[in-house]
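Asker: The chain contents come next:
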Amino acid sequence: MNSFPFLLLMIVVPAVGAAVVAALPRGRDLLAKQIALGVSLVVLLLAVLATVAFDTDGDRFQLTSSVSWIDDFGVSFALGVDGIALVMLLLVGVLVPVVIGASWDDEPVGNRSMTVFFAWILLLEAMMVGVFAATDVFLFYVFFEAMLVPMYFLIGSFGGPRRQYAAVKFFLYSLVGGLIMLAAVIGLYVVSANQGEGSFAFEVLNAIDIDPDVQKLLFLGFFVAFAIKAPLVPFHTWLPDAGAEAPVGGAVLLVGVLDKVGTFGFLRYCLPLFPDASRDFAPYVLVLAVAGVLYAALLAMGQSDMKRLVSYTSVAHFGFIALGIFAFTTEAGTGAVLYMVNHGIATGLLFLVVGMLIARGGSRRIADYGGVAAQAPVLAGVFLIAGLASLALPGTNSFVSEFLVLVGSFPTRPVFTILATVGIILAALYVLLMYQRTMHGPVRGLMDGQGLTTPGTGEPTAPAGSSGATSATATATATATATATATATETVTSARWMPDLSRREIAVAAPLVALIIALGVYPQPLIDLIEPAVAATVDDVGGDPGGTVPEIGTNGADTSGAETEAGN
Amino acid sequence: MTIAYYLVLAAILFTIGAVGVLVRRNAIVVFMCVELMLNAVNLTLITFARSTGTVDGQIIALFVMVVAAAEVVIGLAIIMSIYRTRRSASVDDANLLKY
Amino acid sequence: MDTVPADGLLSASWLLIALPLAGAAVLLLGGRRTDRWGHLLGTGTVVAAFVLALACTLQLDERQVAVDLFTFIDSGSLDVRAGLLFDPLSAVFVLLITGVGALIHVYSIGYMAHDPRRRRFFAYLNLFVAAMLLLVLGDNYVALYVGWEGVGLASYLLIAFWHERPAAATAAKKAFIMNRVGDVGLALAIFVMFAQLGTVTYEGVFGSVGLLAGGTVTAIGLLLLLGACGKSGQFPLQAWLPDAMEGPTPVSALIHAATMVTAGVYLIARSAPIYDLTETARTVVLAVGAVTLLIGAIAGCAYDDIKKVLAYSTVSQIGYMFLAVGLGPVGYAAAIAHLLAHGFFKAGLFLGAGSVMHAMDDQVDMRRFGGLARKLPVTFVTFGLGYLALIGFPFLSGYWTKDAIIEAALDHGGAWGWVLGGVAVLGAGLTAFYMTRLMLMTFFGRARWAPSAPGRPTPHPHESPSVMTSPMVVLAIGSVAAGFLLVQAFPLDEWLTPVFGEPEEAEHVVAPALVGIVVTAVMALGVLAAWLFVGRREVPAVAPERVSVVTRAARKALYADTINESLFMRPGQWLTRALVWVDNRGVDGAVNGMAAALGGSSSRLGRTQTGFVRTYALGMLGGAVLVAGALLAVTAG
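Protein chains in written order, with the numbering used here: chain A, 44 to 611; chain B, 105 to 203; chain C, 14 to 650.
Here chain A stands alone, though its shape is the one from the complex (with noise of 0.2 Å):
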């Protein structure tokens, strides 16, 4: 079974299928949505039958397959998954089908075909599930920039009205990061040409010792590109623009996959080929991550645009991640890995319900919409679902993550620990600002049929514009609130009928609420995955990968006196 090349095939049927999709003759939409849905599915099923072939107590690298490329400077195309790329291959798998489903209806902007849209998906597939499998570092770098190529065809394709903007901007922020690797990479040739036989293997370059100034050096070009992917404070401000222009199908896949090779990139490669340079550099990052936490979500909150606000929290959850890689112990790197899953799945369904709303409204501002909720009841339940995984509520996936994050962070790292931990209020504020703005309230904005400004009746833009620990304005609104509802109803009844999700668009979203409340009861089965191949991680880098926690209870007093008083 292992000899079944699982990995080949799932870069070449998307691939493949790619290339049919784009070969159809225009007007032939439908067929293609229906070859490109077929496709993902079978590369899900692909990616589910490898996940079964994985053997989660045997080597760290599984599946592999290698054919030589570039004799000369001993680059193949090396193939193989350890339980980290796995588990984003899975999420891969997850996504592009729901991503076709989601973009079923979308109508292109100006004379571009869909057709044209789903080859385009269908090979960016291809793309992250090489650049995930790749084992040959220059292989990955090929896969790194090669996923640039349709993700720019996207944006600036069928995006938002700024789409050309965001798109050049995207594209010249990834290029600059991925040449200043493409340096670190070459560097890492030659280091390696000099201790014996050249090579971009993973497992060659693993096992070399760098001296720590080269380290340094490699370990910065790596860590600028993985930065601008991830992405981290202050390489972030592509994001917004990309994750707001960008058609909600590909929003997903940016944000909850394609930025994820940033951090996938700092745990596969950073750590464990620089473990002496990631270890200077820690601090440093650790500020740069937990810097994101608390000034994205502060960011979020003040953003208008509903897209861009979750462009943002993703710049904060991708600070926790980073986190998470940087305390060096396994828990932690553990739950940053399952926290990339999660945050692909809740993300992603925030993006698409959000999209599913902007459909309705046909605006990407908050203040165009309120009261959603009295009228489309479903839609406001996966929102808030969506929102409350983003927020990491216990029962939901990303709860978990977090929580190992924090949980692994706090024993090596207190202070970012606790100075994250405060991002998780902040994550309460900006969630629930937007879903009560939109969802609770009056009907009113766009919504009540009477135009922009003219509010429904009651004082509904009171509470929009006020935030966190606002006063429920006391007695007087307690006393008025009879009135309120009286008149809230009557607004309903006048308002413009907004229609609740279609079978479509609920046979959308239920995969991902179904995983996430899967995931958040009953984690174990990812965390098997992933662990042996983090602790690997942790070992390279010197930490214990057995965990970080002294074993108090089982000491004796004598001996842990001193380990408390460290504590202290």
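Hints are computed from structural coordinates only; laboratory data are not their basis.
C-beta: ideal position from N, C-alpha, C; glycine also.
The reader is advised that the hints may include incorrect statements.
[What the hints assert, rightly or not] Stretch by stretch, here's where chain A covers chain C in the computed footprint (C-beta under 8 Å, at least three residues):
1) 83 to 94
2) 171 to 179
3) 190 to 204
4) 589 to 600
[What the hints assert, rightly or not] Counterexamples of contact, computed for chain A against chain C with all Cβ distances above 12 Å:
5) Leu87
6) Pro204
7) Gly585
[Claimed, not checked] In silico SDA-like links for lysine to any residue, alpha-carbon gap of 25 Å or less:
8) B:Lys202 / B:Val123
9) B:Lys202 / C:Ser615
10) B:Lys202 / C:Ser616
11) B:Lys202 / C:Arg620
12) A:Lys259 / A:Asp583
13) B:Lys202 / C:Arg617
14) B:Lys202 / C:Gly635
15) B:Lys202 / C:Gly624
16) B:Lys202 / C:Ala637
17) C:Lys388 / C:Val487
18) B:Lys202 / B:Arg129
19) C:Lys569 / C:Leu545
20) B:Lys202 / C:Val626
21) A:Lys259 / A:Gln238
22) B:Lys202 / C:Gly619
23) B:Lys202 / C:Ala609
24) B:Lys202 / C:Ala630
25) C:Lys569 / C:Gln586
26) B:Lys202 / C:Phe625
27) C:Lys388 / C:Thr471
28) B:Lys202 / C:Ala610
29) B:Lys202 / C:Gly612
30) A:Lys259 / A:Val247
31) C:Lys388 / C:Val486
With chain A held as given, fit chains B and C onto it using these hints.
Answerer: Chains B and C in isolation, oriented as in the chain A frame:
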């Protein structure tokens, strides 16, 4: 045999060609001056070939002549077409390819 | 006392959580199909849970029983199992939650009868019961945390149940956010436990917490207290609880009076082995309890909104409970007893208030009530019994349980003991004042009924249907009897011995009998004062403007909201706006600026491309000369 005379002659020819390219406006004349420079180089190549007793220089000179011939064909065609459209053979008038 | 694996019926105690959870799932996923029978299913699951809880408790036999379910999170040295702990303490809470919960479900059938979203209301209530049971049944702090935030979510959904009202939506958000502040404390406490002890189970933590340094234990205690303050509406996080009254009244009764807000008391009582080791943290708990007790009581005196008065009363009563748990071993059982008694009478009072609102067209302003005693006889009697129990009328619930706390506070000893005892006695007097004021304004005096809105008819009060009144009657009986049963007949402290250890006989500073007499006298003073200020005179239909500074401060709940707004909200908004500006102009501006600079310099450099061929030729010549010169210099020199 001294090669100095040949080299001095080549240098004089090259200088005449270079100055001509710089100071003359007529495209045909500029063109001729370019040819002059090429031939000055040819002369140098052949001189050295002769003095060292190898054929490398002669071979390169033949290449230069072939390239020069090709250049003449294309260059004259371009000058003709410019002259036909602009009624002028001045190189300063053909300055559309700029910032 | 050792924990033993569950056997028999107890091994099925996970059904306690699963039943209401399944109810919620069916109601939420079933959609409109379940509209007709949804409320019955919702009530049925909770009643079934209550019966199961009763059976489990009878089987418990003073043991601590563990039910191990499945591995929740196992990574590195962290191993969190989904396990339940059924011991006397959780049994008491489970009975309270399912018992009062079942009664309130029944009441809600009538109260929400005309609401188009009744099915969803019951789904949320079921969700709450499930989360609350998880909170009290979990055998580790992570399970408690999951339940902790779960009840927060249910509370959010239920406060915002009438989400068309901006006030309700804002109140729900405020409740969730302020709770989250507390949750951070709880989360950090868990992190410290894991970092220092490597475990998060109650058994593991309590077993080895003694090995930790004093400072660490105090830190854990204070962080847990922060969590408790958030959930229980204690100072300085008390401001959300009164606003939470925007939710439907059964919600106020169940969540914001009887069960969820007492979770903080549960947390501290459960963590007794930690607090036993840290005098400092206990002192802070005492201080928080005493301060909150007074704040709640003072604010309760000034509000005209019947539900807000009851809410501040809840804040104040939970202050008593915090005071009691802060006293350490002597106070735990007293706190739990007061918590149970409070669960009965406060739920009863809220249901009574709901019945009054039902009769008065959903108005809550007591200045528009008056003379309702004759129109609503059942409500009046049940409410009155709850009132007497709350103010500590001799031999009713509050008398027994509150007296025990006041005694324990005085027994604390020293000046501190006198201060605490004094505060508690003063609180009792204030309680009597504001509750008597509420009774007088609502049920006595002249009828001041007015239309709830222009164009609406003046309400014609009528007694609520029996589906609403029967739970009130049951709760009223409980209010009367609970205190005596818990303190005298079946002493709760003995039942809880396996959890808290043998209750030690304290040396009484003041004789218990004397305390009883003094407290009763102060209560009588409070009632008298209320009668002098409110009962004797005509109640103005609009609250008078010219009032003393004290009243004005009390009406603003001692400026808690003002402080929150000016200290956190406004600076927060300002910071957000400033950061958005910085991000757009500064960070993004730097990027775009770099792009603009590159573009500008490229167009400036492009100027050298003149189009004059001879200029280029000169350049080439210059370059060639330079190269030749350099070559000559190198070879010659």
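Asker: Give a verdict on every hint.
Answerer: A quick look at each hint next to the structure:
Note: the segment 83 to 94 of chain C has 9 residues with beta-carbon separation from chain A under 8 Å; the three-residue rule is met and the coverage holds. Requiring three or more residues with a Cβ within less than 8 Å of a Cβ of chain A, the coverage given for the segment 171 to 179 of chain C holds, as 6 such residues are present. Proximity of the segment 190 to 204 of chain C to chain A, defined as three or more residues with a beta carbon under 8 Å from a beta carbon of that chain, is established by the 10 residues found. Only residues whose beta carbon comes within less than 8 Å of a beta carbon in chain A count, and the segment 589 to 600 of chain C has 6; three or more means the coverage holds.
Residue-level check passed: Leu87 (chain A) sits 24 Å from the nearest beta carbon of chain C, beyond 12 Å. The non-interface label for Pro204 (chain A) is consistent with chain C: the shortest C-beta to C-beta separation is roughly 17 Å, beyond 12 Å. Remark: the non-interface label on Gly585 (chain A) is consistent with the geometry, its nearest Cβ contact in chain C lying 15 Å away (cut-off 12 Å). For the suggested pair Lys202 (chain B) and Val123 (chain B), the alpha carbons sit about 24 Å apart, so the restraint of at most 25 Å is met.
For the proposed pair Lys202 (chain B) and Ser615 (chain C), the alpha carbon gap of about 14 Å is at most 25 Å, so the pair holds. For the proposed pair Lys202 (chain B) and Ser616 (chain C), the alpha carbon gap of about 12 Å is at most 25 Å, so the pair holds. In summary, the hint linking Lys202 (chain B) to Arg620 (chain C) is supported, as the alpha carbons are separated by about 8 Å, within the 25 Å threshold. For the proposed pair Lys259 (chain A) and Asp583 (chain A), the alpha carbon gap of about 16 Å is at most 25 Å, so the pair holds.
Taken as a hint, the Lys202 (chain B) and Arg617 (chain C) pair is honoured in the structure, with Cα atoms around 13 Å apart against an allowance of 25 Å. With a C-alpha separation of about 20 Å, the suggested pairing of Lys202 (chain B) with Gly635 (chain C) holds against the 25 Å cut-off. Of the supplied pair hints, the one linking Lys202 (chain B) and Gly624 (chain C) holds, its CA atoms being roughly 5 Å apart against a limit of 25 Å. For the hint linking Lys202 (chain B) to Ala637 (chain C), the alpha-carbon distance of about 23 Å falls within 25 Å, and the restraint holds.
Simply put, Lys388 (chain C) and Val487 (chain C) have alpha-carbon atoms about 21 Å apart, close enough for the 25 Å limit, and the pair holds. Restraint check for Lys202 (chain B) and Arg129 (chain B): the C-alpha separation of about 18 Å stays at or below 25 Å, so the hint holds. At roughly 23 Å between alpha-carbon atoms, Lys569 (chain C) and Leu545 (chain C) fall within 25 Å of each other, so this suggested pair holds. Note on Lys202 (chain B) and Val626 (chain C): the hinted pairing holds, with a Cα-Cα distance of about 10 Å set against a maximum of 25 Å.
Restraint check for Lys259 (chain A) and Gln238 (chain A): the C-alpha separation of about 18 Å stays at or below 25 Å, so the hint holds. With a C-alpha separation of about 8 Å, the suggested pairing of Lys202 (chain B) with Gly619 (chain C) holds against the 25 Å cut-off. Straight-line distance between C-alpha atoms of Lys202 (chain B) and Ala609 (chain C) comes to about 22 Å, which keeps the hinted pair within the 25 Å bound. At roughly 15 Å between alpha-carbon atoms, Lys202 (chain B) and Ala630 (chain C) fall within 25 Å of each other, so this suggested pair holds.
At roughly 23 Å between alpha-carbon atoms, Lys569 (chain C) and Gln586 (chain C) fall within 25 Å of each other, so this suggested pair holds. Our distance criterion of 25 Å between C-alpha atoms is met by Lys202 (chain B) and Phe625 (chain C), whose separation comes to about 8 Å. Among the hinted pairs, Lys388 (chain C) with Thr471 (chain C) is consistent with the structure: their alpha-carbon atoms are about 15 Å apart, no more than 25 Å. Simply put, Lys202 (chain B) and Ala610 (chain C) have alpha-carbon atoms about 21 Å apart, close enough for the 25 Å limit, and the pair holds.
Only pairs whose Cα atoms come within 25 Å are accepted, and Lys202 (chain B) paired with Gly612 (chain C) is accepted, the gap being roughly 17 Å. About 19 Å separates the Cα atoms of Lys259 (chain A) and Val247 (chain A), which keeps this hinted pair within 25 Å; it holds. Restraint check for Lys388 (chain C) and Val486 (chain C): satisfied, since their Cα atoms lie roughly 17 Å apart, inside the 25 Å limit.
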